[in-house]
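K.L.:
Hey, can you work out the whole structure from these sequences and the hints?
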Amino acid sequence: MSTTAEPGPLLEVDDLVTRYPVSRGVVGTLKRQPRLQVHAVEGVSFSVAPGEMVALVGESGCGKTSTAQTVIRMVDNQGGSIRFDGRDITGMSAGGMRPLRREIQMIYQDPYESLDPRFRVRDTIEEPLLVHKLGGSSKGREQKVLEALQRAGLTPPDLFIDRFPHELSGGQRQRVAIAASLVLDPKLLVADEPVSMLDVSVRAGILSLLDGLRREGMGILMITHDLSTAAHFADRIAVMYLGRIVEEGPAQEVVRNPQHPYTRALISVVPKRDPNEQTVPQILTGETPNPVHVPSGCRFHPRCPVAEEACRSIDPSLQRPNGANVPEHRAACIVTAPGPSADEVGPDGRSAGQLVAAALGSPAPERSGWWRRGWALLIDAAVVLAGGVALGGVLALVPGSLGGSVFSFRLGIGVVLFSALYFTIAHGSTGQTLGKRALGIAVRDVHGSGPVGYPRAFLRWLAFAVFTLLAVALIVDLLFPLWDDRRQALHDKVASSSVFQVDG
Amino acid sequence: MSRREPILSVEDLHVWFDLSAGNELHAVQGVSFDLRPGERMGLVGESGCGKTTTILAMMGLLPSSASVAGSVSLDGENIMARGEDTVSPHRWKDIAMVFQGAMNAFNPVKTIGSQIVEPMELHGTATGKAARGQTRELLELVGISGDRVNNYPHEFSGGMRQRAAIALALACEPRVLLADEPTTALDVMVQAQILELLVRLTRDLGLSMILVTHDLPVVAQVCDRAAVMYAGEIVEMGAMSSIYHDPRHPYTRMLFGATPDLLGDAEVISIPGAPPRLDREIVGCPFAPRCDSAFAPCSTVAPRRIETSPGHEAVCHLNDHVVVKEPA
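Chains as they are written, first to last, in the working numbering: chain Z, 1 to 504; chain W, 1 to 328.
Simulated from the structure, these hints should not be mistaken for laboratory data.
Just so you know, even glycine gets a beta-carbon here, dropped at the ideal spot from N, CA and C.
Any given hint could be a false lead.
Which stretches of chain W does chain Z cover? Using the computed rule of at least three CB atoms under 8 Å from a CB of chain Z, they are [to be verified]:
1. 62-70
2. 86-97
3. 199-213
4. 258-265
Simulated restraints, written as ranges between beta carbons of each label pair [claimed, not checked]:
5. R87/Z <-> L61/W: 56 to 66 Å
6. A81/W <-> P305/Z: 32 to 42 Å
7. D204/W <-> A94/Z: 57 to 67 Å
8. S196/Z <-> A266/W: 19 to 29 Å
9. Q278/Z <-> P89/W: 33 to 43 Å
10. Q278/Z <-> E267/W: 57 to 67 Å
11. S20/W <-> E113/Z: 21 to 31 Å
P.N.:
Laid out in structure tokens, this is it:
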């Protein structure tokens, strides 16, 4: 977990949508068959900070490469936005993109294909300089080529500069491809399966090279199907399934504490090095469905081992699951990774009732749709009413110009104040974050590490309870002298009232 | 491990390829191993180490530019004795193979079913209706609905084509299955399905299997025994757990070190350099230039094959007390 540098992210992708039309053919057009689309990327959001390596992980057809190609504007997107270095590049023209292309470089999977066999190493690396009219004289360019080779770990560079690709090993070729992108000093490197064509023994070298570039401050977006590689080298992992990110978070957190059933299955089938440590693989049946016909609701539900009825209709959004150990861990599953906050929740409404239930240890009732929402509303209303009446009761004792006789008015103020407090703490983002931070730190101090073992919902409920108690205590404390005065006044009034003066 | 008689035994197998200008490439340099009934053995190594050549030689499927020496015995009978004449009766019938990229090797204009029937009719194990029926059973066995016998390859997904390729290899009920990188082009989930299928088949049908792969964790998951190849020879062979916990050849150790483990914390370190060229004679240990524990004799004297514990052997001077004691 590297602390993210404060300057804004290098790359910000928000709700990206990329679809490819499916050709209907002449017959299909004549028969007026519906126009179909491949839903390659459907609402993907992520960011890459300088000095950060983010891995998009998934099986073939999950949209990871489409995402990368859309990000570098090789493919047009149908929705969402891409911001690079603070600028929106979503609709930028090819001409407008040109200066930016220097700063976003791509490394391809197959160095046997990506290098021109007729080009010497020198020509391959020099070409980007010529295209972008950089490096000045041929002397200056050669200097830059040598530097790039050095940076890519091909040392001594003189030995490699005049070779042809066929004179190089696979690892060396990939280093040449990397040198050809480094020569432009990019800020962002998009690496599409940079090592999957290489031998195991040289993979680590290429990945360490990328890791070194990351340390120098480059942002790297790595596309890979290999979870082990991602776990070792990336700062953050986003797991994709059928065009969506289903889980994301710090690499070690995602791998060691997976929340989404797809991630869990994927991790269980990765063979381990130790023959005695093989876990029982949780093999999913079938294959990733065709992205032309995306399943309804949660797109993973037809293959999901824990799918419920609600999964057919509810399309879950990414939210912080209860079992997460760090706040940046998010997953999109209503069964294994329900998150409790209303402002993050899309169609899945969980609130106080379930929080209380979770706190008491019983699993929160997982009900679908309207029932759940109604129940949540009922609980919220009850809490607000009870708290509001209590607060109003306290307020009613405050002497003041509002007119002590109008008890119900004060009760109303109490309900409004209380509900404001309640919703800020329980549902609003500010109070929530404050409460969570405070509690997170407290729990970490007690346990020595993160709040492991406690469901997030419990902590949030606790935060709510503590805040309410604090607020009430504060108000009572502030008002107590006034209250005392009031009682005295009442006493005096009663004592001096005419009822007791009948005799006199 | 069972001490049963080996079903297949390879002894001192050499393969040379003729290159232009009278040069020769010594691709396989004296490979020997036994395979017992029901055993799953992994043949691991980097590309170009000769693992595919080894099993192609066992099938007698090398091109004419290759010359082969040594013996491959099936139940004690040397099937290499008279070349094609002695190999062909056993090919597919006793020893079958799932080729590298087999899923893309189906003829696109013929149905899957007709392509599985072909070897049955060729070897006369079944014909006509019986062969059709067996094909359906085979497809069911590998997890494909029997109703899909008349489908064309393009109607199958990659994973299903790989299953069909396995069904094709099983067509004549072989006893030994040679699987060459059967999961390399597949996704992890499909890979897991195929590996599970292979394990199930070897268990249920009593098949012996040689799994050729570059992926050590796959071998760790599937195989009982592993042979690590480098520069045309087996440098270490033994039970998988013994190889993982106590590797006796630096190459094996470094190969494990270069493989990232999902939940491991250890730094992943690549092996420097590249394998030696096999068209020149290698002096000393072929791994010496890349080895982190090489010492004086490694570059001059070829190491001996030494059994470090029962069933575990390695070709490295470090295990040789005679060499280690003697300061060179």
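K.L.:
Taking the hints in turn, state whether each one holds.
P.N.:
We went through each hint and held it up to the structure:
no.: 1; hint: 62-70; in the structure: violated (count 0)
no.: 2; hint: 86-97; in the structure: violated (count 0)
no.: 3; hint: 199-213; in the structure: violated (count 0)
no.: 4; hint: 258-265; in the structure: holds (count 7)
no.: 5; hint: R87/Z <-> L61/W: 56 to 66 Å; in the structure: 58 Å, holds
no.: 6; hint: A81/W <-> P305/Z: 32 to 42 Å; in the structure: 53 Å, violated
no.: 7; hint: D204/W <-> A94/Z: 57 to 67 Å; in the structure: 59 Å, holds
no.: 8; hint: S196/Z <-> A266/W: 19 to 29 Å; in the structure: 21 Å, holds
no.: 9; hint: Q278/Z <-> P89/W: 33 to 43 Å; in the structure: 38 Å, holds
no.: 10; hint: Q278/Z <-> E267/W: 57 to 67 Å; in the structure: 23 Å, violated
no.: 11; hint: S20/W <-> E113/Z: 21 to 31 Å; in the structure: 26 Å, holds
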